[in-house]
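Knowing the structure of chain V, use the given hints to seat chain E on it.
As a plain string of letters, each chain reads:
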Amino acid sequence: QKEVEQDPGPLSVPEGAIVSLNCTYSNSAFQYFMWYRQYSRKGPELLMYTYSSGNKEDGRFTAQVDKSSKYISLFIRDSQPSDSATYLCAMRKTSYDKVIFGPGTSLSVIP
Amino acid sequence: GAVVSQHPSWVICKSGTSVKIECRSLDFQATTMFWYRQFPKQSLMLMATSNEGSKATYEQGVEKDKFLINHASLTLSTLTVTSAHPEDSSFYICSAREVTGSGEQYFGPGTRLTVT
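Residue numbers (the working numbering), protein chains in the order written: chain V, 1 to 111; chain E, 1 to 116.
Okay, chain V solo, but in the shape it has when bound (with noise of 0.2 Å):
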């Protein structure tokens, strides 16, 4: 078993829906979540960050994560064209820890 799996996709939704991106892990210790947007050909850049259980809410964007079930959810709302890219959850168990990514999936906002 990965230690994070994500669905690939390819996800692709009508200008203004609602998305939900999601990953599931296998280790308890993970502590700290991240989602990462990345255009073709470019490095990722990090659009949420999250310590521990819980929400988090940065515009249009929502973080969950529920430990408990080892489940962690991005929420795009009024998705844009703009926001098509392939996204990838990532996780580390301490602020010092080494970075481990999904596969990602990539999302297509369709005009």
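Here are the simulated lysine-lysine pairs, DSBU-like style, with alpha carbons at most 35 Å apart:
{"#": "1", "chain 1": "E", "residue 1": "K20", "chain 2": "V", "residue 2": "K98"}
{"#": "2", "chain 1": "V", "residue 1": "K42", "chain 2": "E", "residue 2": "K55"}
{"#": "3", "chain 1": "V", "residue 1": "K2", "chain 2": "E", "residue 2": "K55"}
{"#": "4", "chain 1": "V", "residue 1": "K98", "chain 2": "E", "residue 2": "K66"}
{"#": "5", "chain 1": "V", "residue 1": "K42", "chain 2": "V", "residue 2": "K70"}
{"#": "6", "chain 1": "V", "residue 1": "K2", "chain 2": "E", "residue 2": "K41"}
{"#": "7", "chain 1": "V", "residue 1": "K93", "chain 2": "E", "residue 2": "K64"}
{"#": "8", "chain 1": "E", "residue 1": "K41", "chain 2": "E", "residue 2": "K20"}
{"#": "9", "chain 1": "V", "residue 1": "K56", "chain 2": "V", "residue 2": "K67"}
{"#": "10", "chain 1": "V", "residue 1": "K93", "chain 2": "V", "residue 2": "K70"}
{"#": "11", "chain 1": "E", "residue 1": "K20", "chain 2": "V", "residue 2": "K93"}
{"#": "12", "chain 1": "E", "residue 1": "K41", "chain 2": "V", "residue 2": "K42"}
{"#": "13", "chain 1": "V", "residue 1": "K98", "chain 2": "E", "residue 2": "K64"}
{"#": "14", "chain 1": "V", "residue 1": "K2", "chain 2": "E", "residue 2": "K20"}
{"#": "15", "chain 1": "E", "residue 1": "K14", "chain 2": "V", "residue 2": "K98"}
{"#": "16", "chain 1": "E", "residue 1": "K66", "chain 2": "V", "residue 2": "K93"}
Partial selection, computed: residues in chain E whose CB lies under 7 Å from chain V:
{"#": "17", "residue": "S43"}
{"#": "18", "residue": "L44"}
{"#": "19", "residue": "F107"}
{"#": "20", "residue": "G110"}
Some chain V residues well away from chain E (every beta-carbon gap over 12 Å; in silico):
{"#": "21", "residue": "S12"}
{"#": "22", "residue": "P14"}
{"#": "23", "residue": "V19"}
{"#": "24", "residue": "N22"}
{"#": "25", "residue": "S26"}
{"#": "26", "residue": "A29"}
{"#": "27", "residue": "S53"}
{"#": "28", "residue": "R77"}
What the hints contain is simulated information worked out from the structure, not anything from laboratory work. Cβ coordinates follow ideal geometry from the N, Cα and C atoms, glycine included.
Only chain E this time, still in chain V's reference frame:
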């Protein structure tokens, strides 16, 4: 915000030659830098972790004699792919972690290496 640059952004080299990729933290000091490689439609795979002034720590399966990493200062790390082969063609991404703060990593824009 924290900015990490990479140079070159794209390089083509002939099989058997070496190529050096630079990673710089532009507006912060980084004690630790990370090197990843990413194949098309795949996630980032950590290759090695480098700490300023000390030897890099390589992940299992990564040849340290092939992928030479130097982290000579708090703002610069280099990755040299020696005796490159076509199978080394990939997208190489570095990230840098601040000396202070949350320990968050900031990623560079990546370098696309094509070995012919």
